[in-house]
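Protein chains in written order, with my numbering: chain A, 1 to 509; chain B, 1001 to 1390; chain C, 2001 to 2388.
In short, the hints are calculated from the structure, not lab data.
Any given hint could turn out to be false.
[Said to hold, decoys possible] Capping the alpha-carbon separation at 27 Å, the derived lysine-lysine pairs in DSSO-like fashion look like this: (1) A:Lys391 - B:Lys1192; (2) B:Lys1366 - A:Lys384; (3) B:Lys1366 - C:Lys2308; (4) A:Lys332 - B:Lys1271; (5) A:Lys50 - A:Lys123; (6) A:Lys332 - B:Lys1282; (7) A:Lys143 - B:Lys1271; (8) A:Lys75 - A:Lys164; (9) A:Lys20 - A:Lys352; (10) A:Lys373 - B:Lys1387; (11) A:Lys332 - A:Lys373; (12) A:Lys352 - A:Lys450; (13) B:Lys1271 - A:Lys320; (14) B:Lys1193 - A:Lys375; (15) A:Lys399 - B:Lys1282; (16) B:Lys1271 - A:Lys314; (17) B:Lys1006 - A:Lys373; (18) C:Lys2308 - C:Lys2191; (19) A:Lys391 - B:Lys1193; (20) A:Lys384 - B:Lys1193; (21) B:Lys1387 - A:Lys352; (22) B:Lys1204 - A:Lys352; (23) A:Lys384 - B:Lys1006; (24) B:Lys1271 - A:Lys352; (25) B:Lys1282 - A:Lys343; (26) A:Lys282 - A:Lys257; (27) A:Lys375 - A:Lys341; (28) A:Lys375 - A:Lys343; (29) B:Lys1271 - A:Lys373.
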Amino acid sequence: MSDGYILQMKNITKTFPGVKALSNVTLEVSKASIHAICGENGAGKSTLMKVLSGVYPHGSYDGHIIFEGKEMAFKNIKESERAGIVIIHQELTMIPELSVTENIFMGNEIVERGLINWDQERKKTRELLEAVGLHINPNTIIKNLGVGQQQLVEIAKALSKNVKLLILDEPTSSLNESDSENLLKLMLGLKKQGITSIMISHKLNEIAAVSDYVTVIRDGQTVDGYAVEAGKVDENKIIKAMVGREIENRYPEHTPKIGDVVLEVSDWNVEDAKVPGKMLCKNSRFNVRAGEIVGFAGLMGAGRTELMRSLFGKTIGIFKGGTIRIHGREVKIDSVQDAIKNKLAYVPEDRKVLGLNLLDSIKKTTVSANLDKIKTRGLLDFDKERAAAEKYRVSLRTKCSNVGVGVNTLSGGNQQKVVLSKWMFTEPDILILDEPTRGIDVGAKYEIYKLIHELADQGKAIILVSSELPELLGMADRIYTIFEGQITGELPAKDANQEVLMKKMTITA
Amino acid sequence: MKYIKKVLGEDLRQYTMVVALVALIIVFNIASGEKMVTSSNFQNLISGNAYVLVLALGMLMVIVIGQIDLSVGSVAGFASMVMAITARQFNLPWYIAILVALAIGMLAGAWQGFFLSRLGIPGFITTLGGMMIFRGGVIWISNSISVPVPSELKWFGAGYLPEWGPAFTGMNNSTLLLGVLAIAVYIIIQLKKYARSGDITGEKEEFWPVAVRIVLVTVVIGYMTWIFGSGRPGTSFPIPGLILVILIILYHLITERTSFGRHVYAVGGNKSAAELSGVNVKRTYFLTMLNMSILAAVAGILFVGRSTAAGPADGTSWEMDAIASVFIGGAAVSGGVGTVIATMVGGLVMAVLNNGLMLMGVGADKTQVIKGFVLLAAVAFDVYNKKNRR
Amino acid sequence: MKAKKIVSMLMTVAVAVSVLTGCGGGRTAEPTSVADTAKTAETEKTDSKPTGNSSESNASEGNSSKGGVVGVALPWLGTQNWAEAEVMFKEQLEAAGYETIIQAADQKVPQQQQQIESMIENGANVIVVGPVDGTQLGSVLEKAKDAGVYVIGYDRLLENTTGVDGIVQFGSVKTGELQAQALLQGLEELKGEAPYNIELFGGGPADPNAPNFFKGAMTVLQPLIDDGTLVVVSGQTEFTQCATADWDNSKAQSRMDAILAGNYSDIEIDGVLSPNDGIARAIITSCENAGQPIPVVSGLDAENESVKWVWSGKQYSTVAKPTNALVAKTVSIIDSLLAGNGMPETDVTANNGVIDVPVYELPPVVVTKDNAKEVFADDPDRMALLTE
């Protein structure tokens, strides 16, 4: 009756207040196969896996889950694990200060008469580690392992639970190349032992290398499925399926007035501080002209934010070389203060964590990156502060009762306007906007777009980092693509379309 | 209600503790048979608690930045002991001794600041170490024996302003002069502010709230001047109180009107955001700890001046009083929130409690219990208020 | 919400009114009698003070029959003698008809400073001070002096201030002499012919009494050391060498351990001068651990445990400083002061660093097994210890 399928998810629909995250998704996975799921950021892949593993309990979604021929109704992760479904998240969930053995048996300790049988656990651990190809002492503390090894321990932990279906959420996103290769090999080995894997990934080369079947999800719907034969996959088809939607958002009209090169970055190299050997930026080289909006496209974890933050005062990773020229002159930027002095501004992607002090008022936030400008005889002048805040409130059309209220009372769009005014107040020449419209409703987005155009018209060089391809295509004059820390392409926006970009975002050029 | 808001400002909540303070003073005054509100008792209240309030000034900034300093009592004790020994055993003049104490405070602060800012060791640990090191240091260098200080130093801890001029005022004229000056400065500031008020928004403020404000403040300062100035001849507003007032004004300006002050709040509110806004987080941490220890030395000087000798146990558990003052003043444990003025009110609440209970003959044991409850109640009230605002 | 605001506003107004109508001070009003006597007190310091009117006016405030307010500031209640003192002061002062304020400072100097100030505010005529640290009350005691309040130091010297009128204590030099004499008596009784091997211990250097104990003892012992009757085997005879920081028993014990290990491998120790009972017991324990015969050891305070040891012969002697005698002496001085007779005569004075302070000394009592029953005849608690 199950026709060789280990798992069938039928007509899954999951709604959050106001959003339909999944609608009628169907997923069928054959026994002892590797099944890839791909889709854009926010397409609904993770939601689907959370439905499957019981994070969203039975009853909170519509549809059926049939596992090994039986209908399942998981109430929590524990139940799905008992059935043999184990999910390994993108962020590892082990306790760094404990040993491999302790982590593997965390919550499933082998207990005799109320006490843990350590000998038994260690013996079992050694066998499990053997099975995933890790030759380490079971007493090793987790934090002393590399990320790749930790991932293998996670898999060993899954094996200890008699896993039948292993779900890996972007398993190689934080691994360097050799570790990635290792992991993919292991997945093939597990397949031989009869363990099925679902791999969420957008790295088409990896998908082609190991998977048997690809399901593409877009906007919460199953779009298409393709068999992978002999390590080959029709990339163009998959990409088209991933992005294939018309540009829905509207972008204001704009005729750019592009001037001279303002910012020129060359041979920029940054190593990940946590994963030795993994490069966040590889020989990055790009430039931005006055009045130009330059887009940066890339999937999550491709290294766009890392590139920008390392430019903005080296606040991320370990700097390994490269030069920045501003107006043709080489500059040294070793701190955020240097960056601001050199007329750079950076609006970070996570407004609440990196952009704002939520305890502050609008006026205090507005002036916070350029306090010197509101000083009179060495002391901060509240009149000047208020005047500055008022000026931006009016020009950015920020909706608030007055500039003395806390930024925590504002909507996302208005918060973003306050962050923008803070950086406009530093009078930058180069403005880096990292996901400036994330979490903002459509109307407010339009206003932000207009602001970006105004800034460009004032002759500022603008870098726009975005995960939304339509936004890049609609706003940018020129687009760079990044994949695994490397700039893989550069093309004028008018020559670009989503397919071309997606292709460059998923494979090395 | 609307009218009150116009006079006092939009956020009336900040006056809760002021109301509590005034209520406490009234209640104790009645309960103690009008012994609370007298010249001599107010003078005692100020000179007996100035050192804690000075510590609280520094502690406020440390807590706003998201740290804690457990070593302030030990640093105060150490700095003042070194001062006493300098003056006594090396026969150096008192002003050199004071400079030595301040230098010791600065070194201690640099030491702690170094571990916090450069090595990233949390302030709790750094200063717990400092607490032991400097306490041990005091006992070590003093052999556990109190050391008397030069009599000039007494002026800092228990001195009064000079008497001069006509007697018909019925007051200490220095105190009177200070009071009049304070009122004048307040009126000038208010009027200037009023004159500018329409410049930005285009809406001129009404004048009557300004007038009411001026009258209120004049009455309060005037009354305080009378209370402090009309005591026994020879007494006045105490010198430690004067030092405290100068420090309060200074630190009010630092926290509200300088880049450094803003940086302290920025780092405490959101360290990552502050860093990305160009705040030198390490430098801010360093200076805050440095400043704290210098103030600890000042507190030590005031206390030793009052005690006329530096003792091996000086400063024991002072940090707790300072921390309590800051939290009663409404600062947040997570950092980013708190003001100088509210902290001073918080400190005065503790001081008035202590003083009032003593006047009523309540023992140190019960006083401690009551202070503990007040701390909890104040913070619980604050948390409750913040939750309800959502 | 609104009601709360209104209440708060009313309160503010109430304060403003209540304070303005003059519960405050005022140089003309002089509401407290304390301030009254201030200036005169300063000029007439050397003579007996005009306490009569001040005590009377205060009596009208309090409801005591005889008149007079007495403050007693104690350092803490954590040891037997201070806890006893609190109870005895309360009983005896109230029995004498004074309004009594007793406060203990929990060993904190700032606390004690503020307590003394609050006693002044409460109109005390006499303040008895058992200081946490005798040197650190300077300005507060001078404030008391300016307010015309008598200050009597209890048990410890009040140093570094002019604001003290007298000290009541057991003679500390005398105590030292008694300890030394008891030690000699014990050596002759129990350890045969001279010479005797002895060691010396002092008290905590922060306590001004400790050097005096030692000094007293040395006036007796030094001549005998010089003529060879006594041999201090370790050679440590200076107070700084012999002192025990903080009166800490465990520090004394470690020092004794070290001395025995270093100097007594082949000889026996005959006697030890110990400044108090806790240290005496530590010394005896150390000797037992080292396999030495129990030496003759002096003591002080007649702590319960040591009274037992004296009775059983383990500790040769202790010195009793009966708290009730000290309290009774203090109360008699208070009686004299409040009756307008000033400080009683005394010929002993001690320099406190600023002035010479009259000292009222009581003789302590040596306790050995022989006289224990007599000494504690009036003390049922300690008598009970002598039965085993």
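(Q) Tell me if the straight-line CA distance from lysine 50 of chain A to lysine 123 of chain A falls inside 27 Å. (A) 32 Å, violated
*Starting from lysine 1366 of chain B, check that the Cα of lysine 2308 of chain C is at most 27 Å away, please.*
36 Å, violated
task = For the pair supplied as a hint, lysine 1282 of chain B and lysine 343 of chain A, confirm whether the alpha-carbon distance does not exceed 27 Å.
result = It holds: about 23 Å lies between the C-alpha atoms, which stays within 27 Å.
Measure nothing beyond the straight line between the CA atoms of lysine 143 of chain A and lysine 1271 of chain B; if it is 27 Å or shorter, mark the hint as holding. 25 Å, holds
Pairwise hint evaluation, lysine 164 of chain A against lysine 75 of chain A, where the allowed Cα distance is 27 Å at most = With a Cα-Cα distance of about 19 Å, the restraint between lysine 75 of chain A and lysine 164 of chain A holds, given a limit of 27 Å.
Is lysine 1271 of chain B within 27 Å of lysine 314 of chain A, Cα to Cα?
-> Holds, at roughly 16 Å.
- Message: Hint check: lysine 384 of chain A vs lysine 1193 of chain B, CA-CA at most 27 Å. Holds or violated?
- Response: With a Cα-Cα distance of about 13 Å, the restraint between lysine 384 of chain A and lysine 1193 of chain B holds, given a limit of 27 Å.
Are the Cα atoms of lysine 2308 of chain C and lysine 2191 of chain C separated by 27 Å or less? With Cα atoms ~22 Å apart, lysine 2308 of chain C and lysine 2191 of chain C stay inside 27 Å; holds.
Open item on the list: lysine 1271 of chain B and lysine 352 of chain A were given as a pair; does the straight-line alpha-carbon distance stay at or below 27 Å?
Closed with: 12 Å, holds
Going straight from one Cα to the other, do lysine 20 of chain A and lysine 352 of chain A come out at no more than 27 Å? 25 Å, holds
| field | Hint consistency between lysine 352 of chain A and lysine 450 of chain A [alpha-carbon to alpha-carbon, up to 27 Å] | value | It holds: about 23 Å lies between the C-alpha atoms, which stays within 27 Å.
Take the C-alpha atoms of lysine 1271 of chain B and lysine 373 of chain A, compute the straight-line distance between them, and say whether it is at most 27 Å.
22 Å, holds
Violated hints, listed in ascending order, are 2, 3, 5, 10, 15, 17, 22 and 26; each of the other numbered hints is respected by the structure.
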